[in-house]
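Chains as they are written, first to last, in our numbering: chain A, 1 to 220; chain B, 1 to 220.
Keep in mind that a hint or two might mislead.
[What the hints assert, rightly or not] One-sided excerpt, in silico: chain B residues whose CB lies under 7 Å from chain A:
1. GLY43
2. PHE61
3. GLY92
4. CYS95
[What the hints assert, rightly or not] Listed next, the stretches of chain A that the computed footprint assigns to chain B, with coverage defined by at least 3 CB atoms under 8 Å from CB atoms of chain B:
5. 151-158
6. 180-193
Hints are computed from structural coordinates only; laboratory data are not their basis.
The beta carbon of each residue, even a glycine, is placed where N, CA and C say it ideally should be.
Number of protein chains: 2
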Amino acid sequence: MEELTYIDLKQCILADNDQQADAIRSLSREKGFFLWNIMSSPGAGKTTFILDVIRRLKDRFRIGVIEGDIESTIDAQKMQALGVPTVQLRTGGDCHLDAPMILKALESLPTDNLDLVIIENIGNLVCPAEFDLGADLPSMLLSVPEGDDKAVKYPLMFSVCRALVVTKVDTLPYFDFDMEALRRNARILNAGIDIFPLSAKTGEGMEAFINYLIQQINSK
Amino acid sequence: MEELTYIDLKQCILADNDQQADAIRSLSREKGFFLWNIMSSPGAGKTTFILDVIRRLKDRFRIGVIEGDIESTIDAQKMQALGVPTVQLRTGGDCHLDAPMILKALESLPTDNLDLVIIENIGNLVCPAEFDLGADLPSMLLSVPEGDDKAVKYPLMFSVCRALVVTKVDTLPYFDFDMEALRRNARILNAGIDIFPLSAKTGEGMEAFINYLIQQINSK
């Protein structure tokens with residue numbers, strides 16, 4: 001009997017992605033920019049958070065944005081309104097960004113003159129976690145209304161991120177959310193993960209995160 | 001030059017899925033149960049909502065549950081605690097349920113003696129929308145904290161659902177959420193979608209939804 005040829009398409013796709021992620025890492029070293037990938041569920045507050053970070057850091061760093069969406073350009077327009085160069089990646093159905101998309105987007109940004117490139121990924125707690133984008137800081141947002149049990153249910157995302165930002169902490173009084181349970185469960189999966197509870201609406205906790213981000217950028 | 005053989009794997013997968021979805025529809029007609037598929041982002045409140053529906057309907061209908069999770073069995077255990085037959089589908093990384101998984105799960109449920117089978121899909125507003133599960137009522141939850149702009153950003157999900165349940169309306173005072181904007185944007189994509197704002201926590205709006213569900217089940 002002939003030997004069966006077995007092609008694991010997913011492994012092929014991910015291996016190709018990892019190569020391109022390495023190319024992104026080389027490019028960011030060469031050009032000297034810091035690449036920050038932000039992932040979360042839909043509605044966790046990525047856009048509001050990013051806009052606040054840009055407002056606080058745009059006089060200190062030259063910032064560019066890669067805005068991932070399935071459809072619509074409303075978030076990208078908000079970034080542009082702050083005067084930062086922005087590239088819209090519209091996936092037209094795809095549930096994640098991958099490294100080839102990011103490489104393509106970086107070609108359209110003035111990376112010679114940028115210190116920080118922010119990626120707003122597709123709102124999805126599952127698929128984006130599988131794709132290495134070559135980021136210096138892969139990170140995720142979890143909003144208080146989503147609940148403290150998400151690390152148990154979406155473990156890969158919590159495993160691949162170096163920073164976990166817990167958003168909308170101003171709504172803690174209205175939800176049964178156990179911050180210690182979240183910390184415990186996240187650290188079972190990822191002992192070194194840095195955790196920042198904050199509210200982009202009230203500003204609570206933002207300064208601690210901004211100081212962390214500045215330190216990360218400067219130590220690259 | 002030889003003709004290029006082009007295989008669109010995604011189309012193959014979806015065509016196969018649709019065949020299996022037809023098999024599910026035949027099975028549910030034959031056995032006489034109503035199949036209800038519930039999709040949403042992570043943390044929109046699927047489990048809390050389903051538990052409340054079961055409590056309100058379990059003396060009226062014989063209910064079974066198919067519980068989809070990437071990891072963990074904590075939700076399935078809550079369903080079982082209410083005394084309803086429950087099958088756990090653990091995808092181990094996959095971002096959606098598909099029709100073959102549902103057919104398999106239905107084999108493990110006592111479908112001869114069930115009136116209603118509830119599917120709790122993977123928490124994801126993207127991928128589950130692509131897979132027809134043969135459900136009589138494909139539906140989605142959107143929670144108030146996620147924001148009123150989600151129809152614009154995740155249009156396929158809003159297009160394929162017959163019912164949109166807006167959860168956590170008890171938190172409306174704490175968020176900038178425009179219910180009319182949501183209705184308008186959802187109906188641009190899906191003119192006939194039935195919309196139910198409610199809170200499983202306070203009970204507000206639950207009766208209207210329960211009456212709708214009873215009517216849907218009885219009119220099958």
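Hint-by-hint comparison with the structure:
no.: 1; hint: GLY43; in the structure: 3 Å, holds
no.: 2; hint: PHE61; in the structure: 28 Å, violated
no.: 3; hint: GLY92; in the structure: 10 Å, violated
no.: 4; hint: CYS95; in the structure: 4 Å, holds
no.: 5; hint: 151-158; in the structure: holds (count 5)
no.: 6; hint: 180-193; in the structure: violated (count 0)
Against the hints set out earlier in the document, violations occur for numbers 2, 3 and 6.
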